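Colleague: Sequence:
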Amino acid sequence: MSMVGSSASRTKSDSNCGEEGDEGYEECKGSLRSVIESQIIPRLLQAHASFSASNAQTFNTAYDPDRAEVDAFATLCVQASAEGATAFVKRLQKDGVNNDDLFLKLMAPAARCLGTWWEEDKTDFTVVTLGLLRMQQLTHELGYDYHEGPQDAGMVRRVMLAAAPGSQHILGLVMVSEFFRKEGWQVVVEIANTDKEILQAARNEWFDLIGLSVGLVEQLPTLANLIAQVKKASRNPDTPVLLGGPAFYSSDITAESVGANGISLDALHGIKLAAALVDPLKRVAP
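Take the sequence shown: its position 68, counted from the start at 1, is 456 in the working numbering, and no numbers get skipped.
Quick caveat, the hints were computed from the structure, so don't treat them as lab data.
As the structure is a computational prediction, the values presented were derived from the model and not from experiment.
All C-beta atoms in this analysis are idealised placements derived from N, C-alpha and C, irrespective of residue type, glycine included.
Some hints could be false.
With beta-carbon atoms standing in for the labels, derived distance ranges [said to hold, decoys possible]:
#1 G647 / T582: 17 to 23 Å
#2 G572 / S638: 29 to 35 Å
#3 K570 / S645: 16 to 22 Å
#4 E606 / G647: 15 to 21 Å
#5 K482 / D667: 50 to 56 Å
Quick list of in silico lysine to any residue cross-link-like pairs, SDA-like style, CA-CA up to 20 Å [what the hints assert, rightly or not]:
#6 K619 / N581
#7 K660 / E566
#8 K660 / T642
#9 K493 / A456
#10 K619 / S645
#11 K584 / T610
#12 K478 / L464
#13 K584 / Q607
#14 K570 / L653
#15 K660 / V576
#16 K619 / S638
#17 K493 / A460
#18 K619 / N592
#19 K493 / G472
#20 K510 / A456
#21 K584 / I615
#22 K584 / V544
#23 K570 / V544
#24 K620 / A643
Based on the sequences and whatever the hints tell you, model everything.
Modeller: Written as structure tokens, this is what we have:
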């Protein structure tokens with residue numbers, strides 16, 4: 389619990405949401421809880437669906453981890469090295485635990501555990517994000533992909549929000565996602581730490597808009613290439629890409645120079661740009 393314990397003594401003022409009692413404090417905490425419950429856990433759980441048949445062996449159906457085991461796995465997921473979490477899962481597989489139980493009884497509770505640690509100020513958002521990234525990375529390492537999303541445009545506008553690889557934070561995305569939901573969008577927050585994972589997400593489902601958050605100025609030189617690849621991979625051949633994040637606060641870079649369709653410096657501006665970029669009357673073919 390070293391990474392969790394190291395931040396356990398933080399004061400409320402060190403929280404990403406400010407101090408308890410501040411305006412928006414509970415909403416900020418609730419936003420993370422909402423994303424974990426409504427998006428991150430379901431997308432982790434969906435990963436096993438297409439592999440149920442190939443996993444038809446003799447299983448340890450009695451697997452029922454206690455709180456200590458879930459906490460132990462969550463702790464491994466926030467450590468600097470991925471080896472511990474990977475070995476933990478592989479050991480369970482070797483013992484006959486099936487994939488359904490791994491996701492339903494271990495990963496989902498562990499994701500909730502990370503959210504609880506943050507809500508109780510036992511850790512910071514960077515640690516929570518690392519843990520969630522690690523869980524998603526495990527699903528990819530085990531050979532799982534997501535294919536459950538819509539393949540064509542529907543009546544509801546859909547947006548995928550992701551952090552450019554290297555940023556490894558989703559706090560801004562969590563907050564922005566709430567604004568999109570309030571405006572009637574269906575939002576997918578994609579936790580990805582490589583270009584490949586972002587491209588796969590864009591390829592697997594239909595999105596009317598893709599938003600990329602860029603946290604570091606050092607990421608800007610490779611941004612044009614990432615945007616070009618995202619647009620090429622996207623299931624929607626006309627997907628606009630909207631940019632945002634701290635990297636643009638002090639940069640004079642333009643959307644056109646990197647092949648994007650707009651740059652937003654705050655959530656409200658982003659919502660307005662998104663509405664202008666995605667015309668609901670032109671989304672669905674007659």
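Colleague: Would you mind marking each hint as holding or not holding in the structure?
Modeller: Hint check results:
no.: 1; hint: G647 / T582: 17 to 23 Å; result: holds, 20 Å
no.: 2; hint: G572 / S638: 29 to 35 Å; result: holds, 33 Å
no.: 3; hint: K570 / S645: 16 to 22 Å; result: violated, 31 Å
no.: 4; hint: E606 / G647: 15 to 21 Å; result: holds, 19 Å
no.: 5; hint: K482 / D667: 50 to 56 Å; result: holds, 53 Å
no.: 6; hint: K619 / N581; result: holds, 18 Å
no.: 7; hint: K660 / E566; result: holds, 14 Å
no.: 8; hint: K660 / T642; result: holds, 18 Å
no.: 9; hint: K493 / A456; result: holds, 13 Å
no.: 10; hint: K619 / S645; result: holds, 15 Å
no.: 11; hint: K584 / T610; result: holds, 14 Å
no.: 12; hint: K478 / L464; result: holds, 13 Å
no.: 13; hint: K584 / Q607; result: holds, 16 Å
no.: 14; hint: K570 / L653; result: holds, 19 Å
no.: 15; hint: K660 / V576; result: holds, 19 Å
no.: 16; hint: K619 / S638; result: violated, 26 Å
no.: 17; hint: K493 / A460; result: holds, 13 Å
no.: 18; hint: K619 / N592; result: holds, 13 Å
no.: 19; hint: K493 / G472; result: holds, 18 Å
no.: 20; hint: K510 / A456; result: holds, 16 Å
no.: 21; hint: K584 / I615; result: holds, 12 Å
no.: 22; hint: K584 / V544; result: violated, 27 Å
no.: 23; hint: K570 / V544; result: holds, 13 Å
no.: 24; hint: K620 / A643; result: holds, 17 Å
In this structure, the hints that do not hold are numbers 3, 16, 22, in rising order.
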